[in-house]
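Asks: Read top to bottom, the protein sequences are chains R and Z. In terms of the working numbering, the first sequence has 36 at position 36, counting the first letter as 1, and numbering is strictly consecutive. Converting from the second sequence to the working numbering requires adding 1000 to each position, the first position being numbered 1.
Hints listed in this document are in silico derivations from the structure and should not be mistaken for laboratory results. Be a bit skeptical, because a hint or two may be false.
[To be verified] 20 Å max Cα-Cα, derived SDA-like pairs, lysine to any residue:
1) Z:Lys1135 / R:Glu198
2) Z:Lys1144 / Z:Ala1156
3) R:Lys106 / Z:Met1096
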Amino acid sequence: MKQVSTLPAPHVGETGSTTASTADDVVAVPLRHPWRWIVAGALALGFVALFSSLWTNPNIDHATISSYVFHPRILSGIGLTLVVTVVSMLVSTVLGVLLAVMRLSKNPVMNAFAWFYVWVFRGTPLLIQIVFWGYLGLLYSQISLGIPFTDFTVFSVDTNTLVPAFTAGLLAMTLNQAAYSAEIIRGGLVSVDAGQQEAAASLGMSPAYTLFRVVLPQAMRVITPPMGNETISMLKNTSLLSVIAVLELYTVATQISSQNLRQVELLVVVSCWYLFLTSVLSVPQYYLERHYGRGSARQPGPTPLGRLMSSFRKGKQPESKGPVND
Amino acid sequence: MTDALATHRTRPAAATASPLLVASNVRKQYGSVEVLKGISLTVNAGEVMCLLGPSGSGKSTFLRCINHLERIDGGRISVAGELIGYAQRQDRVFEMNPREVARQRRSIGMVFQRFNLFPHMSALENIWAAPVGVKKVPKQQALKRGMELLDRVGLAHLAKAYPAQLSGGQQQRVAIARALAMDPQLLLFDEPTSALDPELVGDVLDVMRTLAADGMTMIVVTHEIGFARSAADNVVFMDGGVVVESGVPAAVFDNPQHPRTTAFLNSVM
Ligand SMILES: Nc1ncnc2c1ncn2[C@@H]1O[C@H](COP(=O)(O)OP(=O)(O)OP(=O)(O)O)[C@@H](O)[C@H]1O
Ligand SMILES: [Mg+2]
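Please work from the sequences and hints to get the whole structure.
Replies: Here's what the structure looks like:
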């Protein structure tokens, strides 16, 4: 067909097509922000004072801190902390999607199961769940596969062999996180306009294909920021696994300090590492947000560094103007 | 329904009228409110039917029943001889599972009042997503077809744009191209121009006229009397969940038989 009549040829408009300064232009002195500088200065001074008082404190042995920051045992603890965090987050996200979909389904059995799961795992303290999985051997000394209420068994193993402390910790973190993630993901799915599912259905997409191709990618915009929070919580909560002696960062640190009695120094080491790791983990979140935000804004926003710089810059906006023709 | 002596039609009238959509005594209720009270109508292959009626008369509901976005509570709807949403074996009727319904919907395209483009996909991806994902068309082929369709609706230069970067009229034309990409036998339009600024309505209607001239079978819910007059083979006027009047555009618009039709036409013209 020939008809393209209404598409205006680009840049033929008579209005606003020039930026050349004319007599009508307002030449403004950009707004200044003196208070930003004053508050920033005061805060900087406060932090310097705090850190110097810690640094010069005679009760803190800096040599211990620096000798343990890259100690092999600490590093292996970090490794385990990261493994638990990453594996638990990934598996719990998959479980969370499953639970969220079950919760939203019209099937009353699935719906009730998902509700019950979230009720149990969100309603009891994480610490108690960790201890529970750690002490599973006390509850069931043997785990066997067979037909219930008969003597027929396929195999049977000692619980403590099948579920060592590390596996118990992984289970506890994953199952608990799945309950929280399920609610976040459900919120995200519900936030997607119902018209999207109708459009997908009218194109012959199956419910599962619609979920993965149409609904979830849009829900990710809503899901990603709280899931970033959850990841950071997860990283810090792995320290609770010390109660069942999983050799993650905090457990290792307490073991070391119980030998050399340098509790404060090791806490400083551990805190610095947690701070570093949580900072690193916010980077992928930022890029996930940018990725799933595509199409929602007319232009991608500035990077964090650019934003920080521009907030101090006076008046001038970071966005560049498009090409202008006369 | 008699075929028109419609001189305004640019395409040849179907020589042998073969019914594509047959709805008989379709009933639908929400709770205790009956919204469709027995709708019976036929649309022949290659014909354009315009559905008119006041707000709340059940036009959208009927359209959504045709591709089983709503399940009907009585009567039957068949497209190309196939019962929609149900399978008949011997003399018993079974409800279809979602996969079978999805298969049926592939040949029935729908264009929505609020466009419902996928906002996270570019215009082009909106078009190729379903053919590739649902019909397993090779991606290269689907991309090529997508560009052709965009060209057909006059938007080839905006293939990479996201829906948020397009005007309403452009979005609706992409939505039409998206529906066409599945090669539907039947296209349903639910007030495709009601959400558009007046100056953008013409483009969308022009695309629809071209489709009609090319022989696409379409059911169009619209308040655009001018479009119905020039593009429709048949006009159906609905009110209160029943068909009040139907016939060729000239008859219904120039010589309405029912007072409710007259009142409605006076209110929109
Ligand atoms: N999901 C629903 N639940 C309950 N009632 C509904 C639902 N959808 C539609 N209805 C009712 O069904 C009736 C018909 O609605 P429908 O949307 O089909 O009307 P319409 O003819 O398309 O009107 P409009 O021109 O305003 O779009 C209305 O009274 C509406 O309130
Ligand atoms: Mg409607």
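Asks: Each of the hints needs a verdict: does it hold here or not?
Replies: Status of the hints after comparison with the structure:
no. : hint                  : in the structure
1   : Z:Lys1135 / R:Glu198  : holds, 18 Å
2   : Z:Lys1144 / Z:Ala1156 : holds, 11 Å
3   : R:Lys106 / Z:Met1096  : holds, 16 Å
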